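**Student:** Sequence:
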Amino acid sequence: MLVPYAHQNLTWTEHAFNELVAAARGVARGAVRRLKARWRCLQRRSEVTMQDLPSMIAACCVLHNVCERAGEELDPDLMQYELDDDDGDVVAHDTAPPAPAVQAARDRIAHGLLHGSHASN
1 MLVPYAHQNL
11 TWTEHAFNEL
21 VAAARGVARG
31 AVRRLKARWR
41 CLQRRSEVTM
51 QDLPSMIAAC
61 CVLHNVCERA
71 GEELDPDLMQ
81 YELDDDDGDV
91 VAHDTAPPAP
101 AVQAARDRIA
111 HGLLHGSHAS
121 N
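Counting along the sequence shown from 1, when you hit position 57 you're at 57 in our numbering, and nothing is skipped either side.
It is possible that some hints are incorrect.
[Unchecked claim] With beta-carbon atoms standing in for the labels, derived distance ranges: (1) Gly116 / Ala24: 38 to 48 Å; (2) Val48 / Arg108: 19 to 29 Å; (3) His7 / Leu74: 31 to 41 Å; (4) Leu74 / Leu114: 27 to 37 Å.
To be clear, the hints were calculated from the coordinates, so they are not data collected in a lab.
If you're wondering where the values come from, they're calculated on a predicted model, not measured in any experiment.
For each residue, glycine too, the CB sits at the ideal point set by N, CA and C.
Produce the complete structure using the sequences and hints provided.
**Tutor:** Laid out in structure tokens, this is it:
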């Protein structure tokens with residue numbers, strides 16, 4: 001999982017990367033919100049085992065896409081569902097800095113995204 005830069009005095013690249021991470025997170029949250037609106041079983045704890053949970057989520061995703069392609073509308077009232085972890089800032093919960101190898105990988109990704117570098121590892 002890519003996390004934003006959390007230190008002070010961010011460079012332009014780090015700041016722009018954080019904005020891209022925030023935008024991607026917003027898209028992901030919207031997708032989860034739509035899935036939870038369509039499939040209420042995803043809104044609460046399930047008795048599905050951890051082993052079967054990925055299959056259940058995948059089935060919900062596939063059926064959701066079938067519904068979307070068929071033009072099945074979502075009830076706008078159901079889209080008001082709030083995600084449980086809607087606290088805004090993921091970084092605030094993790095005070096430990098990423099390992100040096102993780103930082104280096106994030107730096108390469110940030111540079112590649114923002115400066116068009118396609119250099120291989």
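**Student:** A separate judgement is required for each hint: does it hold in the structure or not?
**Tutor:** Results for each hint:
1. Between glycine 116 and alanine 24 the Cβ separation comes to about 18 Å, which falls outside the hinted range of 38 to 48 Å.
2. For valine 48 paired with arginine 108, a C-beta distance near 38 Å fails the hint of 19 to 29 Å.
3. Between histidine 7 and leucine 74 the beta carbon distance is about 40 Å. The supplied range of 31 to 41 Å therefore holds.
4. Separated by about 35 Å at the C-beta atoms, leucine 74 and leucine 114 satisfy the suggested range of 27 to 37 Å.
In this structure, the earlier hints numbered 1 and 2 are contradicted, and the remaining ones agree with it.
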